[in-house]
Amino acid sequence: MDIGIIYLLFAFILLIFSAVKDIKKTKQALKASGKIALAVFPVLFFIFILMGVVSAFVSKETIASWLGADSGVLGVLIGEVVGCFALVQPAAVFPFAGVLRDRGASYGAIFGFVTTAILIGVSTLPLELRCFGRNFTIVRNILTFILVFIMSIIFILTLK
Amino acid sequence: MKRMIREALIYIVATLIIWGIIAIISPVKGMLVGEVAYGAFMKAIEIIIAVFIFIGLIQVWVGPQTLSKLLGREAGWKGLVLASTIPLFLGGSLVTMFPLLKTLRDKGASIACVMAFIAAWGGKVPLLPLEIEFLGWRFSVLRTFLIIPFAIVMGLLGQSILEKWQNRHSVGAKSIT
Chain Z
1 MDIGIIYLLF
11 AFILLIFSAV
21 KDIKKTKQAL
31 KASGKIALAV
41 FPVLFFIFIL
51 MGVVSAFVSK
61 ETIASWLGAD
71 SGVLGVLIGE
81 VVGCFALVQP
91 AAVFPFAGVL
101 RDRGASYGAI
111 FGFVTTAILI
121 GVSTLPLELR
131 CFGRNFTIVR
141 NILTFILVFI
151 MSIIFILTLK
Chain X
1 MKRMIREALI
11 YIVATLIIWG
21 IIAIISPVKG
31 MLVGEVAYGA
41 FMKAIEIIIA
51 VFIFIGLIQV
61 WVGPQTLSKL
71 LGREAGWKGL
81 VLASTIPLFL
91 GGSLVTMFPL
101 LKTLRDKGAS
111 IACVMAFIAA
121 WGGKVPLLPL
131 EIEFLGWRFS
141 VLRTFLIIPF
151 AIVMGLLGQS
161 ILEKWQNRHS
171 VGAKSIT
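Listed in order, the protein sequences are those of chains Z and X. Using my numbering, you'd call the opening residue of the first sequence number 1 and step up by one each time. Using my numbering, you'd call the opening residue of the second sequence number 1 and step up by one each time.
With the rest of the complex left out, here is chain Z:
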């Protein structure tokens, strides 16, 4: 059976449980899901087309030389920097990373890209500054970048 169908079945079973327990909360949950869909689907459309653009215009050799196994830690740094500037919904990060992977990027570079794309956002910096102040923002973002770099070494060493 298709794995997507299994997830869907599981989601519907959870929905039924939720509805049995509290129908009002379940309606709210569906509304929240709808809102997320409205926010994420257009971004996904953009990302899917971008994936096509990468496939059509960027050669495997280019990706492999920038982000591939031979690029080593430099590839990780490139992945991390691109992740910092990627203006994407977390749900769109994984499909895009999948294309990079298929085109020869190393798991270390993929990890760097995925994690900074989720945790460091140039576009969310103003909000972070307003909520937590300058020092917190500087420390959190730089420390995240460094720790992600260290962890990506584990990926380079273990996943080929």
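Hints may be right or wrong, so weigh each one.
As the list claims (entries may be wrong) - The calculated lysine-lysine pairs, modelled on BS3-like cross-linking and capped at a C-alpha distance of 27 Å, are:
no.: 1; chain 1: Z; residue 1: Lys31; chain 2: X; residue 2: Lys43
no.: 2; chain 1: X; residue 1: Lys69; chain 2: Z; residue 2: Lys21
no.: 3; chain 1: X; residue 1: Lys164; chain 2: X; residue 2: Lys107
no.: 4; chain 1: X; residue 1: Lys107; chain 2: Z; residue 2: Lys25
Unchecked claim - One side only, chain Z facing chain X, incomplete, derived with CB under 10 Å:
no.: 5; residue: Trp66
no.: 6; residue: Pro95
no.: 7; residue: Ala97
no.: 8; residue: Gly121
Calculated from the structure, these hints are not laboratory results. Where is the CB? At the ideal position from N, CA and C, for every residue including glycine.
Put chain X on the given structure of chain Z with help from the hints.
Leaving out everything else, chain X in the frame of chain Z:
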């Protein structure tokens, strides 16, 4: 709501323009772009819908109130462990996380907890089906488990660096450690 629809339209129109330009310059490449996009969409659509349902349910059943109850009250090690694990299961984006965490901070959660919380939130367990589909289960499992020690280190190190830094800047600085 109005802003969301406007943003959605901007993304859709911008994407159509990019795709259109490519198709005009080279119809073959335009087709190829469409094929890759369609393939990725078909591969992901069922999983994405399931994931949206998961996130919606989590948002309602584990709301901000539940979180602040859990994290605001628990201090010390227990708080840090909770902050390094519970957020793994949350959805949302940084835009929704920062205001929530500001509220937690104002209610007394430590800097370490807030830093660990953000890091652990990067675990993205609700998106795990999508991650496994596109990046394989070995990568996904390793990433998810590494996030927990990462969050703990992030919290402890982040707080101590921030405290040292702020002490140096304050008048008559004295070390907390």
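Status of the hints after comparison with the structure:
1. A hinted pair counts as satisfied when its Cα atoms are at most 27 Å apart, and Z:Lys31 with X:Lys43 qualifies at roughly 25 Å.
2. Distance hint between X:Lys69 and Z:Lys21 is fulfilled; the C-alpha atoms sit about 22 Å from each other, no more than 27 Å.
3. Restraint check for X:Lys164 and X:Lys107: the C-alpha separation of about 23 Å stays at or below 27 Å, so the hint holds.
4. Of the supplied pair hints, the one linking X:Lys107 and Z:Lys25 holds, its CA atoms being roughly 26 Å apart against a limit of 27 Å.
5. Taking 10 Å as the C-beta cut-off, the interface hint given for Z:Trp66 is violated, the closest approach to chain X being about 18 Å.
6. For Z:Pro95, the shortest C-beta to C-beta distance to chain X is roughly 5 Å, which falls under 10 Å, so the interface hint holds.
7. Hint on Z:Ala97 holds. Least Cβ distance to chain X is approximately 6 Å, under the 10 Å limit.
8. A distance limit of 10 Å between C-beta atoms decides the matter here; for Z:Gly121 the minimum to chain X is near 6 Å, and the interface restraint holds.
In this structure, the one hint that does not hold is number 5.
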